[in-house]
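Protein chains: 4
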Amino acid sequence: MTSIFGNLPTVAYEGPETHNPLAYRWYDKDRVVLGRTMREHLRFTVCYWHSFVMNGSDPFGAPTIMRPWSGRDGLDAARQKADAAFDLFRVLDVPFYSFHDRDVVSEGATFQESVSNLDAIADVLGQKQDETGVHLLWGTANLFSHPRYMAGAATNPDPEVFAYAAATVKHCLDVTRRLGGANYVLWGGREGYETLLNTDLGRELDQMGRFLNLVVEYKHKTGYTGTILIEPKPKEPTKHQYDFDTATVYGFLKRYGLENEVKLNLEANHAQLAGHSFEHEIALASALGILGSLDVNRGDPLIGWDTDQFPNSLPDTALALYYVLKSGGLGNGGLNFDAKIRRQSIDAEDLVHAHVGGIDLCARALLVAAGMIEDGRLARHVEDRYAGWNSARGKALASSMSLEDIARDVAGRSDGPQPKSGRQEYLENLLNSYF
Amino acid sequence: MTSIFGNLPTVAYEGPETHNPLAYRWYDKDRVVLGRTMREHLRFTVCYWHSFVMNGSDPFGAPTIMRPWSGRDGLDAARQKADAAFDLFRVLDVPFYSFHDRDVVSEGATFQESVSNLDAIADVLGQKQDETGVHLLWGTANLFSHPRYMAGAATNPDPEVFAYAAATVKHCLDVTRRLGGANYVLWGGREGYETLLNTDLGRELDQMGRFLNLVVEYKHKTGYTGTILIEPKPKEPTKHQYDFDTATVYGFLKRYGLENEVKLNLEANHAQLAGHSFEHEIALASALGILGSLDVNRGDPLIGWDTDQFPNSLPDTALALYYVLKSGGLGNGGLNFDAKIRRQSIDAEDLVHAHVGGIDLCARALLVAAGMIEDGRLARHVEDRYAGWNSARGKALASSMSLEDIARDVAGRSDGPQPKSGRQEYLENLLNSYF
Amino acid sequence: MTSIFGNLPTVAYEGPETHNPLAYRWYDKDRVVLGRTMREHLRFTVCYWHSFVMNGSDPFGAPTIMRPWSGRDGLDAARQKADAAFDLFRVLDVPFYSFHDRDVVSEGATFQESVSNLDAIADVLGQKQDETGVHLLWGTANLFSHPRYMAGAATNPDPEVFAYAAATVKHCLDVTRRLGGANYVLWGGREGYETLLNTDLGRELDQMGRFLNLVVEYKHKTGYTGTILIEPKPKEPTKHQYDFDTATVYGFLKRYGLENEVKLNLEANHAQLAGHSFEHEIALASALGILGSLDVNRGDPLIGWDTDQFPNSLPDTALALYYVLKSGGLGNGGLNFDAKIRRQSIDAEDLVHAHVGGIDLCARALLVAAGMIEDGRLARHVEDRYAGWNSARGKALASSMSLEDIARDVAGRSDGPQPKSGRQEYLENLLNSYF
Amino acid sequence: MTSIFGNLPTVAYEGPETHNPLAYRWYDKDRVVLGRTMREHLRFTVCYWHSFVMNGSDPFGAPTIMRPWSGRDGLDAARQKADAAFDLFRVLDVPFYSFHDRDVVSEGATFQESVSNLDAIADVLGQKQDETGVHLLWGTANLFSHPRYMAGAATNPDPEVFAYAAATVKHCLDVTRRLGGANYVLWGGREGYETLLNTDLGRELDQMGRFLNLVVEYKHKTGYTGTILIEPKPKEPTKHQYDFDTATVYGFLKRYGLENEVKLNLEANHAQLAGHSFEHEIALASALGILGSLDVNRGDPLIGWDTDQFPNSLPDTALALYYVLKSGGLGNGGLNFDAKIRRQSIDAEDLVHAHVGGIDLCARALLVAAGMIEDGRLARHVEDRYAGWNSARGKALASSMSLEDIARDVAGRSDGPQPKSGRQEYLENLLNSYF
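Protein chains in written order, with this note's numbering: chain W, 2 to 436; chain F, 2 to 436; chain D, 2 to 436; chain G, 2 to 436.
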């Protein structure tokens, strides 16, 4: 049977000079970079929702992207979708995939039927994983699409919705563990508010803290060793989402005693919506010890909503990966293409082009980032800039002196400190020389 | 001698019907609202920098606002400025003022001279306080205008700048204590970065944590009972400021063990630049127990920089004060007009109009907010919405049940929770009926 | 039979003191303001799409709002929808409604069937108009929801889509004329681009100019006397929409010789997305002679997409109406509630509350705006500011002098012009005194 | 005498492999690309104001960048500044420079003195031009820094300010003509408003139209053959600037009959502030026939003010130059570095690094853009997409058929048009393959 991808061959590495649009120009999976293969560094992941659920609709228009399973519920459609998904994984030669429970099979009429649906398709997915060697980077539960969640899941004013969401996460976590998922993600869907007028902010934060503690306790009880991840986003669908950004989630984790239990899944487009660069979010999560995994996509800086486009900026992606490499890599995490083709990209081949371009961009960015690490000039410049803090004087200021000691000392000097150039333009030129 | 305010009489309350632009239409200082006078609730504060230092210049233009002390340094100019300041306090009949060290007198050629200048003008200010009964809401040190701070103060790569800033804060805190200041504020001036390329984010955060701990230790040592306040701002002057918003500062305080020592001075315009409403920042700080004081001003929602305009939206200000009242008031804090007249408002009288308008707006907003509290419908609507959490079932979900307990329970039910209307439009109409 | 509005009585004027949420506090339809009744000034219009088509779905969630006709196509559902619509018009006592062709009845399988569907429901609507006295403010064709329009209608790369859209507009214009519609609107749906990489900008602008000329020619040929309106929007659904804002559409009309043929339907939320205030767009359209009608809604200044919320800011709406009154009113136009209830507002009554609030707000804003006109201080201040241009000298500068004359004159003077205060804060206080 | 650039040698081309930060890696001035040398294509221009006037101050801080002429007025300082400027032109080996009148010499106490100052320094500049072969790309008058212009120049409520501005422009245009300037630029400084409350929008637009007509008439009278350019900007310093963007200025030119007389000087950062990409503004100006010259700089997409940073994004700059090449080049125009070094870049060498990086980036971008033109795949894809419009059918739709003809034709067909993929991801990958 012909798949929707027209029996395309597996995309292969052909080098930078090829004009074949369905070849890799930079992703040479077994090439060793800084001691690991590109495949091990990048852990590319195709996500189910954008690639196999998204239909091109938007708030002003009907679906444009039609697949054989479009508009059909139930296990037959789910199996057909899984066939196509694993065929795409084969075409792209990627090692990982990710899903929400509702992506892989439709919700049932009752909770029990939903559980049963998910268990059945999990058997299919597990078998396909075994056959192909493709692994699950993470699973997650969709706690935002169904009307019951319109006012949030963990933060719902109705405790029965909290309970329903908790039961759903328990089962999705069970399935993720069964399929060997390396992580389990909680994206704060509609955990936020539309208007403060009907909202008790403090109470909702406590509910969310309670929910996350339930999940962490259960993880330990079952012996699951994957990482629990939270995915920050500042707004959309709600006006204000509680998991605004890295700094906000860090404070939340500290408040509820979870800073050693939970890490972050950071997304480029969400960073932008929060007013940050992607590299800022990565560098900050790294400094705070909570860097987990990445959703590599991009927003449009002139657009105020989540466009979830495939990454295509080499400078931006190289900087992001530079901070990942400086942080020692992503561990359990990976690079998940949380990105969707455009409404007008209605051919199945568009989905392949999109991923090939994204994979190649990240591979090329890895080479640039590794070059920056190996060259070392950038890092040395930063170290030199702070060198004074490693002197005896710097160490005393940072630890033993009191405010009065310091004031006495400053008052005893005849001159103040002299400004030194920050050399931003030189460093930007240096950065450009790595491309 | 005629002051720059042309010997204007003190602005008096004349009621809503007056056409006198230099009368209060709503601010009736001794009127009792919810058990306290308007004066006690609102604690209006005129800030020195915008009112007596700002000269109308902008990045594209030279100063337009000329005062007798413009362009002059030293104590004579400082005394002249103080005369005008206390004359404005008299005209407006406000109980508080606030300053940076460099606002009240120019910096000296050396650290010692700067200390001496500030001590001398503090004597003048103290005497004027005694004579007029005007109090100091807060003092703060300007750690951002001088070139030495171009790369930050506490977060500077050069430890000598850290030391200089620390010594400066010690002295400014001493002066603030001496003048009976109710609070001491740290605004993160240039504590942030222009480019990550030359920045060690983790190290700079540690430096900032160290700095703040030094200040808190010194405060306790000296027995000062005022509140230490941090003022969040997401960007400007730097590309990224570390004290981004309420949630970010909360995480920072938790990280460095300061969440019970430091509160927040929240500004409306800074909230907007961070992507939040002012009432969000207030409600969140209240929920986290760190609400301290307010800078009442406004930004322009179509403008991406800090415009620091005088507040003029009754709906926005009433909502802000509603959450303040719900939080039990501001305690040591107050309403500081961190707002400047426009470049074209070159007459001294413009400064009076600006404050009269701001004071009157806040007074009217207080009446609206108090009406909302007294009416109670809004608060009851919120309580009712979460009522399920007060049931035995709700309490069990919030405390004793495990994830497995909950899942077992949900699986045993035949139907899921039903969505209920959020009634946003009804509540928005209700809100409008209070105006 | 009970309508979805539960046989609610018609909302009546009860005055500002009422606590009845389903009464008008300010809208007293026969009250005369500046020589016309409130009903004549405001020409309130309920729009079909948001009120009877919108189902609460968003990019992250399934529909939440269920009506008896939800999910059903064809004429039976259309008649049921029309019954509910006219029942809402009765409840609200509004004089106008507006629609897209696809709102009032579903599209057919062929062009001919779509035409036939629309003709059939137009008969129903016409009869209801006759029975109730409700009029059609405007009709418009939906040229953006169907997949055939995914790359634009008039600006599509495929001329057959252009033709299909043109034929559709012809029929919708015929129906609008038949129903006595006061205006015909073209909203630029997907007339824009997603990426310049696949777009010929100049060609698409010419196509759009051609399309609009076809419509105007046909209007004249048929003797239709309604106004053709374009509705500016800068982005969404496309990345860049050609009808960006008032100034852009003005240039487009001039380029294609249409500036005396077409006016603008301005929307508050679209103005904000383009970086403008609503009053700016109104004042500019008025100055350029192309002010037509208004979509009264609001966006959220912290949100980057079209939220289409019901208006609820008295200051914003009063300013908008002040510039409408200064422009001599809207003529054929009206105030169309292009606004939708929130995803969580799932009860039919929410739709009533939303409109009652919007109507009352605009009515109150009209009273404020009329008060500003009658008082005259604001307008006089502006006139005085420019008074110099009415002097002989001012008139010479504006008409007869050459650049050399002016330069010779300036060189002969001994001093330059002196700046005068812009008095912004005084004027803002004055504005607030009208509320 | 040692210049502030420490007698640096002229920067030379050394090729992509060099590690010398003060060499060109891509700018090989005599290399022929698409039939012209890089020097002829790019016409690099150093601007006086950012490079020799800007002192690192910002709204929160004092100057940080000190030059020998800092803080000094008069002709001696002006000559010293000109020496440094032409030394930088030598170091960079650039063919053009640009200035405002007030950049090259300080304003005098009277109009006459200002004229005399400018004439005197123009003699110096003319001599240096002759000696070095460096040319003037454009001159312009600063009509925004002095307090007299705080409410605008041409659009000032006071006709005497209009006259003063007109006389100033006449003289600056004379000087520009005398120095052989290829263009004369009008940037709308403060032509806009702070608040509509004190503004007569229509009158101010007429004043601006009158002003521009005066300038164009004078240009023709004097036989000056340079191009008059307007530089769009949407906001900053004013809340709303009349020259918002390309489309707005086009409408303005049409309104005042100037569309064949005036072209645009487009700036990347201004485009972004208006919500557009730089390539959009270029492609639109090209389609409208008013593309003149470019200010190559960049903003920060996360920052809402004009950061005027040196360009450093190869993808962005290459796309901009692709549309320039498609438009046939810039003619009289050039690439002006309207960009300033950062506040912390206090060494003179930072200014050299900044320009070297910008020049090299643009040179590399030109090679990429030329490669795109030569390859032709992108352009062919666009042509093919619109091919239907070249058929007889397409031409009839575009010219001869009436709306009724088209409707009759569509009604006679049995099926509608079929959507085709927009292939955005494929094209984005193709674009990336050119880098």
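I should point out that these hints are in silico values taken from the structure, not numbers from a laboratory.
Some clues are possibly wrong.
Just so you know, same-sequence chains aren't split out, so a pair can sit in one copy or run between any two.
[Unchecked claim] Here are the computed lysine-lysine pairs in the BS3-like style, where the Cα-Cα straight-line distance is at most 27 Å:
id, residue 1, residue 2
1, Lys396, Lys327
2, Lys240, Lys327
3, Lys240, Lys220
4, Lys220, Lys30
5, Lys30, Lys327
6, Lys30, Lys240
7, Lys396, Lys30
8, Lys327, Lys421
9, Lys240, Lys222
10, Lys240, Lys129
11, Lys255, Lys129
12, Lys421, Lys240
13, Lys222, Lys327
14, Lys421, Lys129
15, Lys255, Lys421
16, Lys129, Lys30
17, Lys220, Lys327
18, Lys222, Lys30
19, Lys421, Lys30
20, Lys327, Lys255
21, Lys421, Lys220
Each hint, compared with the structure:
1. For a Cα distance limit of 27 Å, the shortest separation of Lys396 from Lys327 inside one copy, 24 Å, qualifies, whereas the shortest one across copies, 45 Å, does not.
2. In the homo-oligomer, the alpha carbons of Lys240 and Lys327 lie at most 27 Å apart only across protomers (22 Å), although the nearest pairing inside one protomer, at 34 Å, exceeds that limit.
3. In this homomeric assembly, Lys240 and Lys220 never come within 27 Å of each other (Cα to Cα): the closest approach is 31 Å inside a single copy and 40 Å across copies.
4. In this homomeric assembly, Lys220 and Lys30 never come within 27 Å of each other (Cα to Cα): the closest approach is 33 Å inside a single copy and 58 Å across copies.
5. In this assembly of identical chains, the alpha carbons of Lys30 and Lys327 lie at most 27 Å apart only when taken from the same copy (21 Å versus 38 Å across copies).
6. For the identical chains of this complex, Lys30 and Lys240 are neighbours neither inside a copy (41 Å) nor across copies (35 Å), given an alpha-carbon limit of 27 Å.
7. In this homomeric assembly, Lys396 and Lys30 never come within 27 Å of each other (Cα to Cα): the closest approach is 45 Å inside a single copy and 51 Å across copies.
8. In the homo-oligomer, the alpha carbons of Lys327 and Lys421 lie at most 27 Å apart inside one protomer (26 Å), although the nearest pairing across protomers, at 44 Å, exceeds that limit.
9. For the homomeric pair Lys240 and Lys222, neither the shortest alpha-carbon distance inside one copy (36 Å) nor that between copies (44 Å) is at most 27 Å.
10. Taking identical chains as interchangeable, the C-alpha atoms of Lys240 and Lys129 are never at most 27 Å apart, the minima being 40 Å within one chain and 39 Å between chains.
11. In this assembly of identical chains, Lys255 and Lys129 lie within 27 Å of each other by CA distance neither inside one copy nor across copies; the values are 40 Å within and 46 Å between.
12. For a Cα distance limit of 27 Å, the shortest separation of Lys421 from Lys240 across copies, 19 Å, qualifies, whereas the shortest one inside one copy, 43 Å, does not.
13. Proximity of Lys222 to Lys327 under the C-alpha cut-off of 27 Å is found in neither arrangement, the shortest distances being 34 Å within a copy and 41 Å between copies.
14. Taking identical chains as interchangeable, the C-alpha atoms of Lys421 and Lys129 are never at most 27 Å apart, the minima being 60 Å within one chain and 33 Å between chains.
15. In this homomeric assembly, Lys255 and Lys421 never come within 27 Å of each other (Cα to Cα): the closest approach is 37 Å inside a single copy and 33 Å across copies.
16. With identical chains, the CA atoms of Lys129 and Lys30 are at most 27 Å apart within one copy only, with a shortest distance of 22 Å there and 58 Å across copies.
17. With identical chains, the CA atoms of Lys220 and Lys327 are never at most 27 Å apart, being 29 Å at best within one copy and 39 Å at best between copies.
18. For the identical chains of this complex, Lys222 and Lys30 are neighbours neither inside a copy (37 Å) nor across copies (61 Å), given an alpha-carbon limit of 27 Å.
19. In this homomeric assembly, Lys421 and Lys30 never come within 27 Å of each other (Cα to Cα): the closest approach is 44 Å inside a single copy and 34 Å across copies.
20. For the identical chains of this complex, Lys327 and Lys255 are neighbours both inside a copy (25 Å) and across copies (26 Å), given an alpha-carbon limit of 27 Å.
21. Proximity of Lys421 and Lys220 under a CA criterion of 27 Å is satisfied in neither setting, with 51 Å inside one chain copy and 32 Å between copies.
Of the numbered hints given earlier, the model fails hints 3, 4, 6, 7, 9, 10, 11, 13, 14, 15, 17, 18, 19, 21; all others are met.
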